[in-house]
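Trainee: Listed below, chain by chain, are the residues.
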Amino acid sequence: MHNALGDEFLLTRRRVLRYLLVGSGMVLPGMAFGNAADALIDAIVGERKAETGELKLTTPAIAENGNTVPITVEAGGPFQGDQYVKAIHIFAMDNPTPEVITFNFTPRAGLAKTSTRIRLAKTQQVVAVAELSDGRVWRTANEVKVTIGGCGG
Amino acid sequence: MDKPRVKVPKKVKKGEPFEVKALVSHKMESGQRKDEASGEKIPRMIINQFECSLDGEVVFSAKLYPAISANPYLSFYVVAEKSGELSFSWTDDSGDTATASSKFVVQ
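Protein sequence lines, in the order shown, are assigned to chains A and W. Residue numbers for the first sequence follow the working numbering, beginning at 1 and rising by one. Residue numbers for the second sequence follow the working numbering, beginning at 1 and rising by one.
Any given hint could turn out to be false.
Unchecked claim - As a list, the in silico SDA-like pairs of lysine to any residue whose alpha-carbon atoms are at most 25 Å apart:
id, chain 1, residue 1, chain 2, residue 2
1, W, K14, A, D38
2, A, K145, A, D94
3, W, K63, A, N35
4, A, K145, W, G84
5, A, K86, W, E85
6, A, K86, W, R33
7, W, K11, A, D38
8, W, K27, A, T102
9, A, K56, W, K21
10, A, K145, A, E99
Stated by the list, open to error - Some residues of chain A that are not near chain W, with every Cβ distance over 12 Å (derived):
id, residue
11, A39
12, D42
13, V45
14, E54
15, A61
16, A112
17, K113
18, R117
19, L120
20, L132
21, D134
Hints listed in this document are in silico derivations from the structure and should not be mistaken for laboratory results. These figures come from a predicted structure and were not determined experimentally. For each residue, glycine too, the CB sits at the ideal point set by N, CA and C.
Put together the whole structure using the sequences plus the hints.
Mentor: This is how it looks when you write it as structure tokens:
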């Protein structure tokens with residue numbers, strides 16, 4: 001009984017906080033506390049537990065030009081037999097479209113290491129999610145400070 | 001979309017992953033920009049799919065979104081047991097494609 005009351009209190013407090021934020025204009029009505037990008041990541045990870053594992057995301061700490069930010073992502077070492085990385089997804093959490101790119105590997109790629117150049121609208125978290133052939137998921141994130149946003153391209 | 005450029009080593013070691021680089025000219029219009037004169041949104045027109053095949057079998061592919069910079073650049077790895085040919089293809093929202101290929105020798 002005590003617990004039930006406690007949960008209810010928490011929920012209520014969260015709701016009140018939300019109403020306060022909406023009222024003050026800090027949060028738009030309908031905007032979740034989480035990000036649309038979080039839902040996209042949740043859809044990949046599902047019930048699995050995402051650990052950092054051997055996932056390395058390399059991004060500049062400061063990007064002067066958000067139109068072209070170099071990123072490199074590497075998951076584990078060389079593939080061994082049928083043990084390989086199936087996919088790596090990149091998300092820019094505060095871009096108008098959070099999906100950035102999905103890399104799909106096969107055993108014949110030999111190594112899940114790839115680089116590209118991305119657009120970042122503003123300072124934000126860049127998230128990498130790797131899916132392994134054995135069902136494991138790795139996740140890591142870097143903050144990139146953007147001086148001039150690259151939203152429009 | 002034009003000028004596809006790929007960089008594949010001419011000689012590679014058997015069973016050892018080697019790096020491949022691919023670049024193509026494309027404006028990657030994000031769909032977020034507005035025309036300065038009319039104030040209207042410029043429609044999205046991006047390369048949305050890239051594929052690299054080894055002797056006809058897909059080795060690596062990528063699904064691209066508007067957050068990929070203009071003139072998309074990709075580097076990745078391939079491993080081979082015997083000499084072969086890598087072929088590359090880029091496809092944009094209009095269905096337009098660009099292709100390139102490069103042979104390598106396994107030593």
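Trainee: For L120 (chain A), which was marked as not at the interface, is the minimum beta-carbon distance to chain W over 12 Å?
Mentor: Nearest chain W Cβ is 8 Å from L120 (chain A), so the label is violated.
Trainee: Confirm or reject: D134 (chain A) is not an interface residue toward chain W, with every Cβ-Cβ distance exceeding 12 Å.
Mentor: 19 Å, holds
Trainee: Determine whether the non-interface label on D42 (chain A) survives the test: each CB of chain W must be over 12 Å from its CB.
Mentor: 18 Å, holds
Trainee: Hey, is A39 (chain A) genuinely clear of chain W, shortest beta carbon separation above 12 Å?
Mentor: Its Cβ never comes within 12 Å of chain W, the nearest being 16 Å, so this holds.
Trainee: Are all C-beta atoms of chain W more than 12 Å from that of A61 (chain A)?
Mentor: For A61 (chain A), whose nearest Cβ neighbour in chain W is about 19 Å away, the distance exceeds 12 Å, so it holds.
Trainee: Please settle this one: A112 (chain A) was flagged as non-interface, so is its CB more than 12 Å from every CB on chain W?
Mentor: 8 Å, violated
Trainee: Hey, K56 (chain A) versus K21 (chain W), does the alpha-carbon distance stay inside 25 Å?
Mentor: 20 Å, holds
Trainee: Are all beta-carbon distances from R117 (chain A) to chain W longer than 12 Å?
Mentor: 4 Å, violated
Trainee: Just checking, V45 (chain A) versus chain W, shortest CB gap more than 12 Å?
Mentor: 18 Å, holds
Trainee: Please verify whether K145 (chain A) and D94 (chain A) have alpha carbons no more than 25 Å apart.
Mentor: This hinted pair holds, its Cα atoms lying about 12 Å apart.
Trainee: Has the given pair, K145 (chain A) with E99 (chain A), been kept, meaning a C-alpha gap of at most 25 Å?
Mentor: 18 Å, holds
Trainee: Below or equal to 25 Å on CA atoms is what counts here, so check K27 (chain W) against T102 (chain A).
Mentor: Between K27 (chain W) and T102 (chain A) the Cα gap is close to 20 Å, so the pair holds against 25 Å.
The structure does not agree with the numbered hints 1, 4, 6, 7, 16, 17, 18, 19 stated previously, though it agrees with the rest.
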